[in-house]
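Visitor: Which chain is which? The protein sequence lines are A and B, in order.
For reference, each letter of the first sequence is one residue, going 4 to 511 in the numbering used here.
For reference, each letter of the second sequence is one residue, going 2 to 363 in the numbering used here.
These aren't lab readings, by the way, just hints derived from the structure by calculation.
Hints may be right or wrong, so weigh each one.
[Said to hold, decoys possible] No more than 16 Å apart at the CA atoms, straight line, and that leaves these computed lysine to aspartate or glutamate pairs for EDC-like:
id : chain 1 : residue 1 : chain 2 : residue 2
1  : A       : Lys316    : A       : Asp350
2  : A       : Lys116    : A       : Asp134
3  : B       : Lys232    : A       : Glu77
4  : A       : Lys218    : A       : Glu77
5  : A       : Lys60     : A       : Glu77
6  : B       : Lys7      : A       : Asp350
[As the list claims (entries may be wrong)] Over 10 Å on every C-beta distance to chain B, these chain A residues come out as not near it, computed from the model:
id : residue
7  : Glu341
8  : Met351
9  : Leu359
10 : Ile373
11 : Leu446
As the structure is a computational prediction, the values presented were derived from the model and not from experiment.
The beta-carbon is built from N, C-alpha and C at its ideal position, and this holds for glycine as well.
Here is how the chains run, residue by residue.
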Amino acid sequence: MTRPELLRVEGVTKAYPGVVANSDVSFAISEGEIHALLGENGAGKSTLVKMIYGLVKPDSGRMTLRGAAYTPAEPRAARASGVAMVFQHFSLFEALNVAENVALGMENPPPMKELASRIRQVSADYGLPLDPNRMVGDLSAGERQRVEIVRCLLQDPKLLIMDEPTSVLTPQEVEILFRTLRQLSAEGTAILYISHKLEEIRTLCDEATILRRGKVVATCTPRDRSAREMAELMIGATLTPPERAGGTKGATALEVVDLSVASPIPFGTSLKNVSFRVAKGEVLGIAGVAGNGQDELLLALSGEVRAAQGAVKIDGAGVGHTGPNDRRALGLVAAPEERLGHAAAPDMSLVENALLSGALRKGLTTRGFIDWTATEAFAAGIVKDFDVRTPGTHVAARALSGGNLQKFVVGRELSQTPSVIVINQPTWGVDAAAAASIRQAILDRAAGGAAVVVISQDLDELLEIADTFAALNEGRLTQPRPVAGLTIDEIGLMMGGAHGMEVAHHGH
Amino acid sequence: MLRLEKRPSPSRFWQGATPVLAVVLTMIAGGLMFAALGKNPFEAIRTIFWDPLFNAQFASYSRPQLLVKAGPLILIAIGLSLGFRAGIWNIGAEGQYIMGALFGAGVGLAFYPADHWFIFPLMVVAGAFGGWIWAMIPAVLKTKFNTNEILVSLLMVYIAQNFLSSMSLGLLRNPEGGGFPGSRNLSQYPAASNPELIAGTGLHWGVIAAFMAVIAAYILLQRHILGFHIKLAGQAPRAARYAGVNPTGLVVLCMGISGALAGLAGLFEVSGPAGQISIDFNVGYGFTAIIVAFLGRLNPIGILLAGLLMALTYIGGELAQFMLGLPAAAIQAFQGMLLFFLLAVDLLSNYRIRFATKKEAL
């Protein structure tokens, strides 16, 4: 079937200081086509769609929309030409209701009553149940995304851009979203779908353009390729999946009993009666949609947030009331999700950042005086062992790319001979090859007898490395279950299902 | 078109070069201002920067003044810089300086006219304690009730000033002073005085304390984990908590150190150059030290140099006022320019300037 061409991008280049984000990128989308833009973090996907949406101006190259030159000066112009975009991070006001939020994004919003009925209409037509009168603050992440999508659909777009839409969704919610996208496609709306989740792209997309380091390296029909083939196109190398040594489980190393703490983060999620235990050599994977208490759990385990003494036990000793360094002394290391500003100080050098959490366990101070030679050696060791790409250990942490800093932070924690490891989002923003080596390093530590808690929003990652699996949902943790034998449906239900809304979807 | 581009790492060259550039720019802009006022700019600049130190006629008086004025500025600024690095803003050093002087002088005068070797050391301890306790008030209010230490420490200055007036009119007034406000002159009470140690240099115990503070702060910030934690807390508070820094402890520590050093500066001033407690004993060292701390980029060596430079502009400014008839406001504007240029060119250590041509492909 041949459909008329909608958008063509030809030879587009965009450079930022020190990096060429897009270099001579060309591709085309037909009407009604679901086109995947595939690539690792930093491959240039975001820059490319920002140019299409009028947020960034290309340095050179040209774009045509239905054959006519297309040069959107700003998003408003892009929207007027029928291009709409759903961002990965929502721009919604929690204290306003759905209809008010939608009205804020429109050029000429109709009266509220009329708008509310149009929202009901669109949400019913596309199987995206949404009550226009509910407060956004009360909605789940999946529902918030629907607000954004409905806002776009009200403009009757010809091209809908979606940036990593499934990272905040449970498997059931992903199903609902895909049905909606297929329906839109059948009606002639083209969809530009950005993701690095290969299985999703194989089920959903008609065509894929693969970017690597700002260049188009391949185009393919995802259905005809295996996920592994596409991953290798994406990273330009062969992948070695991590090996798990089926080690024996020892005594309980970390035990959490009825842990409840209030969130120190505004609009955060408090932990409610969280209990689990992790044995030596065991990897516990904790899944959950973002914002369900993952950050708080890491803070409570690392000691940055204090709880009752008996709520957290390391090797049987109650440490819930102690701070990070007391827990480090007992062998617990923690790697927070946010690298710049939390796990590392942006303006400090890698050497200073090595000292930040390594001072105690690596014995880098004597009576408080810092042994800079030993600290430099520690930092250099991390850079070498974890393949951190940097001109040297003297550079500021902020000068490293996100993935390299992540390797440094995870490497710093894993290099401290820990007996308990807690990591939030270990491979977030890291390229596939580095992710594999980080996972391998975690599994190696577990094989060496460490108890590991991995908090992640990447289900594939958890299923790959975890022995037991639990999910956080609104600050509550499900009963941990062995990974072996879990189905994706069961996992989805543990993560909170589709928040009770899957039945509302109609057949089309 | 000029464009600023953030450097990946701060430039070491510009961190060192910006203060020099700022002084040069101040001389140029100040010279233009002096010329506009109808004075010879070269003569004015020479009078401010050169004559106090090397002019045969004035140097014998003004050269010792350099250390006398720079000593308290450096001592206070070193203490403040530790807190500023950690993001703890003690603006009330002036009050802590006054309280240090009152506590120290009070202890000394309580022994009058006894002669014991321990009186002066005891006064030093009392002076540090006076500044420390005055700084603890905003510190405890901040840690217990989350009040703003900028406001509280600043308001405590005015309380201290009133306390100073009431003391010089009441409890500490010289009984043999014929009813004039002000205490006995400590420089005439050898057991409690802080004399010039080497004649003609202005060097007194306070200056030695300032030099020791510079060295101690340098070692603390470069070599000690506590100094590392202070820097970390200022740059990345969440990372500091992750590293195990106790924010409450850090507030108490930094406020305490800066208070104690300001108190010491007050004690050395009252027992030495000033000689007595009087209504107008304080001359703004506590506030000027804030400028010195930033002028020295919160770096101990920088503060040492900035303190000397600031003292020089004060002495030279006075000289220019009475030699050339420059208005006092012009001297203050000149000092203001110095701070302005320093903060402005500071940009260069984190950004580079690019001369970009505007080009648009589409």
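Visitor: Decide, hint by hint, whether the structure agrees.
Guide: Hint check:
Only pairs whose Cα atoms come within 16 Å are accepted, and Lys316 of chain A paired with Asp350 of chain A is rejected, the gap being roughly 35 Å. A C-alpha spacing of about 13 Å is found between Lys116 of chain A and Asp134 of chain A, which places the hinted pair at or below 16 Å, so the restraint holds. Pair hint Lys232 of chain B plus Glu77 of chain A does not hold up; C-alpha atoms about 41 Å apart against a cutoff of 16 Å. Simply put, Lys218 of chain A and Glu77 of chain A have alpha-carbon atoms about 24 Å apart, too far for the 16 Å limit, and the pair is violated.
Between Lys60 of chain A and Glu77 of chain A, the direct Cα distance comes to roughly 9 Å. Compliance with the 16 Å bound is thereby established for this hinted pair. Only pairs whose Cα atoms come within 16 Å are accepted, and Lys7 of chain B paired with Asp350 of chain A is accepted, the gap being roughly 12 Å. Remark: the non-interface label on Glu341 of chain A conflicts with the geometry, its nearest Cβ contact in chain B lying 8 Å away (cut-off 10 Å). With a least beta-carbon separation of about 7 Å from chain B, Met351 of chain A fails to lie farther than 10 Å from that chain, contradicting its non-interface assignment.
The beta carbon of Leu359 of chain A is not kept farther than 10 Å from every beta carbon of chain B, the shortest such distance being approximately 5 Å. The non-interface label for Ile373 of chain A is inconsistent with chain B: the shortest C-beta to C-beta separation is roughly 6 Å, within 10 Å. The Cβ of Leu446 of chain A sits about 25 Å from the closest Cβ of chain B, beyond the 10 Å cut-off, so the non-interface label holds.
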